[in-house]
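Enquirer: Turn these sequences into a full structure, and let the hints guide you.
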Amino acid sequence: MLLRLQKKKTKTSSLTFLDIKPIMKMIGFFIFNGFLARLSYICNAYRTYVSHLIIYSLSMDLFNVYPINPINIVRAQGSTVWDAEENPYLDLYGGHAVISIGHTHPHYVQRITEQLNQIGFYSNSVEIPIQRELARLLGKVSGKEDYHLFLCNSGAEANENALKLASFYNSRKKVIAFSKAFHGRTSLAVACTDNPSIIAPVNETDNVIFLPFNDEDALSNAFKNYGEEISSVIIEGIQGVGGIREASVSFLRLIRTLCDQYASVFIADSVQCGYGRSGLFYSHDYAGIEADIYTMAKGMGNGFPIGAISIAPKFVATYGMLGTTFGGNHLACAAAVAVLEVIQQDSLIQNAATVGSYLIEELRKFDQISEVRGRGLMIGIDLPSELAHVRKDLLEKHRIFTGEAKPTVIRLLPALNTTKEMADQFLTAFTEILEG
Numbered sequence: 001m002l003l004r005l006q007k008k009k010t011k012t013s014s015l016t017f018l019d020i021k022p023i024m025k026m027i028g029f030f031i032f033n034g035f036l037a038r039l040s041y042i043c044n045a046y047r048t049y050v051s052h053l054i055i056y057s058l059s060m061d062l063f064n065v066y067p068i069n070p071i072n073i074v075r076a077q078g079s080t081v082w083d084a085e086e087n088p089y090l091d092l093y094g095g096h097a098v099i100s101i102g103h104t105h106p107h108y109v110q111r112i113t114e115q116l117n118q119i120g121f122y123s124n125s126v127e128i129p130i131q132r133e134l135a136r137l138l139g140k141v142s143g144k145e146d147y148h149l150f151l152c153n154s155g156a157e158a159n160e161n162a163l164k165l166a167s168f169y170n171s172r173k174k175v176i177a178f179s180k181a182f183h184g185r186t187s188l189a190v191a192c193t194d195n196p197s198i199i200a201p202v203n204e205t206d207n208v209i210f211l212p213f214n215d216e217d218a219l220s221n222a223f224k225n226y227g228e229e230i231s232s233v234i235i236e237g238i239q240g241v242g243g244i245r246e247a248s249v250s251f252l253r254l255i256r257t258l259c260d261q262y263a264s265v266f267i268a269d270s271v272q273c274g275y276g277r278s279g280l281f282y283s284h285d286y287a288g289i290e291a292d293i294y295t296m297a298k299g300m301g302n303g304f305p306i307g308a309i310s311i312a313p314k315f316v317a318t319y320g321m322l323g324t325t326f327g328g329n330h331l332a333c334a335a336a337v338a339v340l341e342v343i344q345q346d347s348l349i350q351n352a353a354t355v356g357s358y359l360i361e362e363l364r365k366f367d368q369i370s371e372v373r374g375r376g377l378m379i380g381i382d383l384p385s386e387l388a389h390v391r392k393d394l395l396e397k398h399r400i401f402t403g404e405a406k407p408t409v410i411r412l413l414p415a416l417n418t419t420k421e422m423a424d425q426f427l428t429a430f431t432e433i434l435e436g
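First residue of the sequence shown: 1, per my numbering; consecutive thereafter.
It is possible that part of the hints are untrue.
[Said to hold, decoys possible] Pairs of lysine-lysine residues, derived as DSBU-like cross-links and limited to a Cα-Cα distance of at most 35 Å, are as follows:
id, residue 1, residue 2
1, Lys173, Lys406
2, Lys365, Lys224
3, Lys173, Lys224
4, Lys397, Lys420
Hints in this document: simulated from the structure, not taken from any laboratory.
Expert: Structure representation (structure tokens):
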């Protein structure tokens, strides 16, 4: 009996072992296949990651030439802009003096929308009546109704065409420009800009004579030495990038006298300082003189790309002398007409003079400021080096956009309809920073 039980137990044990073995094989099979599946998943994921890296590395990115603030502006109205988190900012810079009548002005938006619903663009091979409408209105508002208008797309193009037109006029090559001048980044314009770091070898020329700004003796001597070779003199009425430095009345009048004496062309660069910003339509007007060519852009389109030159009657046009594909297109002209209509209807040039004078007067009460310069709503606040942080604090702590000119000049270039309340908001923030 015992023997039979033992055999039975052995048999049972053997059967038990035989039952477990296939199960273990099956488990091993699934584990192995699970490993393969997981390995396959990992490989696929890695392959996807690598392919994304390759795609990203091959995709187009921006050419990194702008030191930008890490703020994404998504909405704007008047002199207020909002970031992606809906934080409001007071805009006293207007994107380099571009916003002249305030962001998304209703009349401006309406004008552009109506034009876009009709036709947005055709080239200068057909009649574009809105160009003549713009010319008539610009002549009236600027007080230069006997001048002629050539339309382009930017301030650099405006200066380029002005310099070219002057050379056509008197068949000369030399140009007088001034220290700290900025006239643009295209070939002739950048050659007349006093910043070697942005002048490529191909832009270098011996035809530009740089003189000290507001130095009447240097100007007179240059004409004595090169008078019959000088094609033009180009000058900003108020230098922008150069630190809000104003050309003196006597200096501008001397330029006019010498240009008349030597048959040279007086080019008034009004790209940043023009279009009412100084409290006069062209900032050069405070000298009581007329230039031969006025260049303009920035505030002309309130953000829509447009530039122009206003040309004295003595210049005679010929076909092909100047030209552009996009300049004077329907949409750009609609934007520019809207800007002039708002400037005229809302007396914005007078407002720029009034609010600007108030700001300048209040700023000059701060002992910490080295100097306050400018006219109207083109103001430079020159600070000592220990206050170099002020502009950054205005943006980061008080959400106020301002501009700068190296090394420590804060530039205020707000919309021409900036109010006294906005000026006070800035002054309050400025006071807090200086007293903090």
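Enquirer: With reference to the structure, classify each hint as holding or not holding.
Expert: Consistency of the hints with the structure:
Taken as a hint, the Lys173 and Lys406 pair is honoured in the structure, with Cα atoms around 31 Å apart against an allowance of 35 Å. Straight-line distance between C-alpha atoms of Lys365 and Lys224 comes to about 44 Å, which puts the hinted pair past the 35 Å bound. Only pairs whose Cα atoms come within 35 Å are accepted, and Lys173 paired with Lys224 is accepted, the gap being roughly 16 Å. Proposed proximity of Lys397 and Lys420 is supported: the alpha carbons are some 21 Å apart, at most 35 Å.
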